[in-house]
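Undergrad: Model the full structure from these sequences, guided by the hints.
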Amino acid sequence: MLPPDPSAYPSVTPPSLLLIILDLHPLSWSLLATPPAEPPGVPEITPSGQARLIGRALPTALAASEFITMLLVFLNAHLASRWGNRVVVYGATGGRSTGWSVRRMTHRRRRKLLYPPPANEAGPSKPRPNTYLPFQLLDSRLEHSLRQMAAEEEERARETDGNGLNGGLWVGFTHHSLINLRMTAQHGDDRVVDALLISALAKALCYINRQHPESTATHALSSSDAKTSGTGPEQLETRILVINATPGSGASQEAGTGGENGAGAVGAENSDKGADDRTDTGKGKGKGDAGMRGGYVGLMNCVFAAQKAKLPIDVLTLPPPGGGTAPPIFLQQAAHLTEGIYWRWNGRGGLLQYLHAIYLPPPSLRKTPFAVPPQDAVDFRARVSEHLLQASTILLDVQNEIPNQVPTHAQSPRGEHRADSCAEYDPAAAGTAW
Amino acid sequence: MVQPSFSHPRKAKVDSEGTSPTAALDAFLDTQHQSYFEELYRSEAVCLCILRLLPPVCRHIILHILWSHNPLRTIELKAFLQIDQTERNESLNEIVRPMLDRKILGGAHYQKNKTGWPLNDAFKRGLRNALTGLHVQLVRRTVRTHPSDLSPSVDDLIHHGETTWESILKYMVSSGLAGGLAAVRPRQQVLQLLHASGLMADPSDMSGRNPNYDRLTITSKGFQFLLEDRQTQLWQILMFYLNLREANEGRSAEILSLFFSLGCMQLGQGYSASQSFPRTQSTLEDLEQYGFIHRRPRNADGRKSDHFFPTHLATGLCSGDEGGGIGTAGTTGAGGSAGSTVLAKEAGEEKRFLILETNYKIYAYTSNELEIAILNLFVDIRIRYPNLVVGKLDRQNVKAAMEKGISAHQIISYLSSHAHSQMYNSPPPLLHPTIVDQLHLWDKERNRLKAEETVMFEFFSKELFDDTEAEARRYDGVQVALPEQKLLFVTPSIKDGIRDFVVGQQRQLRGA
Chain A
1 MLPPDPSAYP SVTPPSLLLI ILDLHPLSWS LLATPPAEPP GVPEITPSGQ ARLIGRALPT
61 ALAASEFITM LLVFLNAHLA SRWGNRVVVY GATGGRSTGW SVRRMTHRRR RKLLYPPPAN
121 EAGPSKPRPN TYLPFQLLDS RLEHSLRQMA AEEEERARET DGNGLNGGLW VGFTHHSLIN
181 LRMTAQHGDD RVVDALLISA LAKALCYINR QHPESTATHA LSSSDAKTSG TGPEQLETRI
241 LVINATPGSG ASQEAGTGGE NGAGAVGAEN SDKGADDRTD TGKGKGKGDA GMRGGYVGLM
301 NCVFAAQKAK LPIDVLTLPP PGGGTAPPIF LQQAAHLTEG IYWRWNGRGG LLQYLHAIYL
361 PPPSLRKTPF AVPPQDAVDF RARVSEHLLQ ASTILLDVQN EIPNQVPTHA QSPRGEHRAD
421 SCAEYDPAAA GTAW
Chain B
1 MVQPSFSHPR KAKVDSEGTS PTAALDAFLD TQHQSYFEEL YRSEAVCLCI LRLLPPVCRH
61 IILHILWSHN PLRTIELKAF LQIDQTERNE SLNEIVRPML DRKILGGAHY QKNKTGWPLN
121 DAFKRGLRNA LTGLHVQLVR RTVRTHPSDL SPSVDDLIHH GETTWESILK YMVSSGLAGG
181 LAAVRPRQQV LQLLHASGLM ADPSDMSGRN PNYDRLTITS KGFQFLLEDR QTQLWQILMF
241 YLNLREANEG RSAEILSLFF SLGCMQLGQG YSASQSFPRT QSTLEDLEQY GFIHRRPRNA
301 DGRKSDHFFP THLATGLCSG DEGGGIGTAG TTGAGGSAGS TVLAKEAGEE KRFLILETNY
361 KIYAYTSNEL EIAILNLFVD IRIRYPNLVV GKLDRQNVKA AMEKGISAHQ IISYLSSHAH
421 SQMYNSPPPL LHPTIVDQLH LWDKERNRLK AEETVMFEFF SKELFDDTEA EARRYDGVQV
481 ALPEQKLLFV TPSIKDGIRD FVVGQQRQLR GA
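Protein sequence lines, in the order shown, are assigned to chains A and B. The first sequence begins at 1 in the UniProt record's numbering and counts up one residue at a time. The second sequence begins at 1 in the UniProt record's numbering and counts up one residue at a time.
It is worth saying that the hints were derived from the structure and are not from the lab. There may be inaccurate statements among the hints.
[Unchecked claim] Some chain A residues near chain B, calculated using beta-carbon distances under 7 Å:
id: 1; residue: S11
id: 2; residue: T13
id: 3; residue: V73
id: 4; residue: A77
id: 5; residue: S81
id: 6; residue: A202
id: 7; residue: C206
id: 8; residue: N209
id: 9; residue: V297
id: 10; residue: Q353
id: 11; residue: H356
id: 12; residue: P361
id: 13; residue: A371
[Stated by the list, open to error] With a straight-line cut-off of 30 Å between C-alpha atoms, the simulated DSSO-like cross-links for lysine-lysine are:
id: 14; chain 1: A; residue 1: K203; chain 2: A; residue 2: K310
id: 15; chain 1: B; residue 1: K114; chain 2: A; residue 2: K367
id: 16; chain 1: B; residue 1: K486; chain 2: B; residue 2: K450
id: 17; chain 1: B; residue 1: K450; chain 2: A; residue 2: K367
id: 18; chain 1: B; residue 1: K404; chain 2: B; residue 2: K221
[What the hints assert, rightly or not] What the simulated footprint calls covered on chain B by chain A, stretch by stretch (three residues with Cβ under 8 Å from a Cβ of chain A suffice, anywhere in the stretch; the number is not a length):
id: 19; segment: 55-62
id: 20; segment: 71-83
Glycine included, each C-beta is placed from N, C-alpha and C at the ideal position.
TA: Structure representation (structure tokens):
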């Protein structure tokens, strides 16, 4: 390790735009809100006493309302940490149970810009991030949009599927007023959610791109200005944080247990779909494969666009490991390729601390000086070979990456190379472990 | 051909970092004690603003430990900052120094072989409340009881703030120029502050105690003040005001927290004075005279309206090093940054009006009296059109400005921060090196003589002179040595040592 050199730390950071993509799939959240019946797996035995302490911490359920509250505090902290910092939130919710294809559901919006509100709704005074009011604006506006989204969701569920209201989710949103909100859990479409996350991601990239004409107008100005007057970098730095609540494709058992709180039919259908999923991963010949494939190519397009724009895509995966859930491989790859941070919650509380410790420092402060969690060894194989023929040009790029990337990961900052090492890095534990 | 360049980029950077807009505030806070901060941190707005005034690394360290019950441990910090655990703690002290200075972290304490800094409780509570929105009584917006057509629009507020503030600056400039600019005389309190801060002085009153406020003229400090960017000016004035009030009453913490609260307010919103600041109403009235807030004219019953509207001067106060203040220098990013409204962007464009050619000609696309008056300080203005002023930088005028106390650096930074966007189209550097160097040379011309304190030794023997000179050189304290006259000039700091050495040498010689 290098000796610290405080003078080398940046004295000015550019303003930063944090773009959140929030997975709001009702079923996933109802799974998360269900307290685990049995501790998911035996905690790994590690030499460190602190890690064992964390291992003993009880697995906690996570209600959507709780998480939203934490997220709001996190976003406020982001706004607080610099003038000119901005937040954009996209929501991606569940799709229709009847169709897999992304194309077929374009007539309805499933991903939605939650914050900031469109300009015509913003009222006479535009929100300014350097004031205190933006916190309130953010809180109330996000709450409002979430409710609206949930209401739309419910209505849609009634329209499409008479008996679709089988998984009820009680959500109280903010600390100001606790409201009960019914979100309907649609079943059997977590692959569509994947696709929806991807379409939200594409939207997010478009949003960022739309910020550019503004900055390119002043680009010549600011870049030369930075050189001459030395006022430091003023270009907006952008990052995307994907908050994923949906377990990876090996989620059959999890979905099955989640069925307990819904109707029995849900469980049955879920396991059906789970089986379907397994065939997908195995051979890539399942009938529902079309949506997935489209999603994968779409995701990779997004990833390469982000990579080119030097946008890190951070991923926070909420469903804890264990119980047969696989990590969402796509998102893991996305984070890896864009040099973002992938991290999976261990399901044992402390999320607020994790959010602050891992995701708060802007890219310009990451690695130097702040530590980032060691990234997993990323699993490229299954998907790459599976879709090689369909998207050969793009995917060849990925394959080219593999020989370069994997060895560097073997020498990740902590010198660890584990299949599932993210659980080891514990900033919440950090309170004690460091 | 290698040119000697005074405008070395690295040096310029150091300069610009050295003068942050809140330098006056920082200097003030650095001298305060624990109890003062305890009082300050009662307000959530202060916690938020102080957090943002820290270096970015410190901000994230604070946010990292904000939700933890434990103090900030050194091992934890080392892991977070990727510093080797065996590294000594001194380097960490350097990193956390800003937080210690602001009393956000308490003194290091040791417990079970673990070193840590506890987070100030008041600060922790304040910041947590600010982030979660709990128990916040930071800013109370007034209920809109009055018809909305009476409340001023954002444009009105900006206009009000600009004109009020500029009228004060104009008055300062006009006092320094013989005629030329008609300016409204500011109120008595404003003049008192300008006098007390040393920006203006009465030349006929040498003692400085009984000034005639009608005959104040601008001082060299005042000229320097004029060339600063807007944000710096505002904070300087506020700090002068604070010092003045502190000298009279000693309740500055409340006033300072009022400044921060104003900085957290929303442009275009009305606030209730009696509810927001029940104990510092008089300060609010004073700030009105500088254009920080706007109050509607008196009500029918003759009392001042309780509602006030902060102007952009106030709401931009805490927007840090860029963006908020309209006059902020050299921050093109202000336009691109999120928070700045369209208005601030336009104002930023308005501010860039200067084209400087390599033949020292200056074209200023402005009709702003104040800007022209400031330009007139160091530019020989030749032609004036309704929206354009043409002039020339020449030796005579620039040196006249330097006589008034304006330095070459200030002129250069003024020119570069007001440079027209067309100027950015040419390859950097922004200002041509010829002009920058010439300005420095003109500055140097004035400083051919330098006065320094010295101690002179006169010797009779050449031997002793040589020995002593060698000794003084070892201490690096020789200023001038004249071997012919056997005179040695050394810095006063090593006087005693040299004298002892000489005495010792003499004794040796005599003994020998």
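Undergrad: Next step is simple, just say for each hint if it's right about the structure.
TA: Tested hints:
no., hint, verdict
1, S11, "holds, 6 Å"
2, T13, "holds, 5 Å"
3, V73, "holds, 5 Å"
4, A77, "holds, 5 Å"
5, S81, "holds, 5 Å"
6, A202, "violated, 22 Å"
7, C206, "violated, 18 Å"
8, N209, "violated, 15 Å"
9, V297, "violated, 33 Å"
10, Q353, "holds, 6 Å"
11, H356, "holds, 6 Å"
12, P361, "holds, 5 Å"
13, A371, "holds, 5 Å"
14, K203(A) to K310(A), "holds, 17 Å"
15, K114(B) to K367(A), "holds, 26 Å"
16, K486(B) to K450(B), "holds, 23 Å"
17, K450(B) to K367(A), "violated, 48 Å"
18, K404(B) to K221(B), "holds, 9 Å"
19, 55-62, "holds (count 5)"
20, 71-83, "holds (count 10)"
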